[in-house]
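Working from the sequences, and respecting the hints, build out all of it.
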Amino acid sequence: MSEVDHEPSSAREPAPSSADSLPEHISQNIDSIIDFRRREEFKLSDAQRRLERLARWLGRPLYLLHAISLAALWLLYNALAPRLQLHQFDPPPFFWLQGLVSLAAFLTTTVVLISQNRQAQFEAHRLNFELQLNLLTEQKTTKLIHLLEELRHDLPMVHDRHDAVAAVMQTPTDPRQVLEALEEQSSDQAAKPHA
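Taken in order, the sequence shown gives residues 5 to 199; the numbers are from the numbering used here.
Since the hints were made in silico from the structure, they are not lab data.
Some hints here could point you the wrong way.
[To be verified] Simulated restraints on C-beta separations:
| # | residue 1 | residue 2 | range |
| --- | --- | --- | --- |
| 1 | Ser31 | Ala109 | 42 to 50 angstroms |
| 2 | Met173 | Gln32 | 23 to 31 angstroms |
| 3 | Ala75 | Leu117 | 21 to 29 angstroms |
| 4 | Ser36 | Ser106 | 41 to 49 angstroms |
Remember, it's a predicted structure, so these values are computed and weren't measured experimentally.
From the three backbone atoms N, C-alpha and C, an ideal C-beta is built for every residue, glycine too.
Written as structure tokens, this is what we have:
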């Protein structure tokens with residue numbers, strides 16, 4: 005016998021990943037989501053990609069640590085410079101530091117807002133897609149209930165009875181009617197005086 009025969013089977017074959025053990029329809033859904041995200045990323049310009057990377061860096065604790073460290077060193081140097089007989093380039097009340105902090109805050113805010121705007125657009129596309137899927141699912145569910153009710157009426161061994169809930173659920177939901185009801189209820193709630 006060779007040494008290979010003594011190895012356990014798990015050492016010879018790589019363990020299946022969790023993605024390999026998923027049913028096909030779930031894998032297809034995951035692939036569709038990944039493709040959607042790739043298409044959205046492909047639409048980005050090079051400048052937008054750079055801004056996204058910068059916004060991610062600005063959102064990390066390391067950025068805050070760098071900013072605090074720079075301000076502390078600036079203050080420490082300019083406070084101790086006269087005692088050490090060094091050139092004090094920004095004497096108290098530290099106008100240059102205030103200007104630098106204001107500029108950094110302006111740039112940081114602008115970069116974050118640009119990034120958030122793109123993310124909001126992506127989220128709006130995703131929510132629109134999700135709404136369309138929910139409406140399609142509702143239509144399919146209505147059709148399934150209708151088919152089940154037909155089957156129940158057609159089977160001789162099943163006692164035929166009227167099911168009011170099933171009858172109502174067979175009627176497709178009108179999305180406009182639901183939106184109008186939601187808007188009406190929201191406006192009614194807004195019009196009520198708060199106690």
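Hint check results:
1. Here the CB-CB span from Ser31 to Ala109 is close to 46 angstroms, well matched to the stated 42 to 50 angstroms.
2. With their beta carbons about 29 angstroms apart, Met173 and Gln32 fall inside the hinted range of 23 to 31 angstroms.
3. Judged by the Cβ atoms, the range 21 to 29 angstroms given for Ala75 and Leu117 holds: they are separated by roughly 23 angstroms.
4. Taken as a hint, the range 41 to 49 angstroms holds for the pair Ser36 and Ser106, whose Cβ atoms sit roughly 46 angstroms apart.
Consistency note: the structure conflicts with none of the earlier hints.
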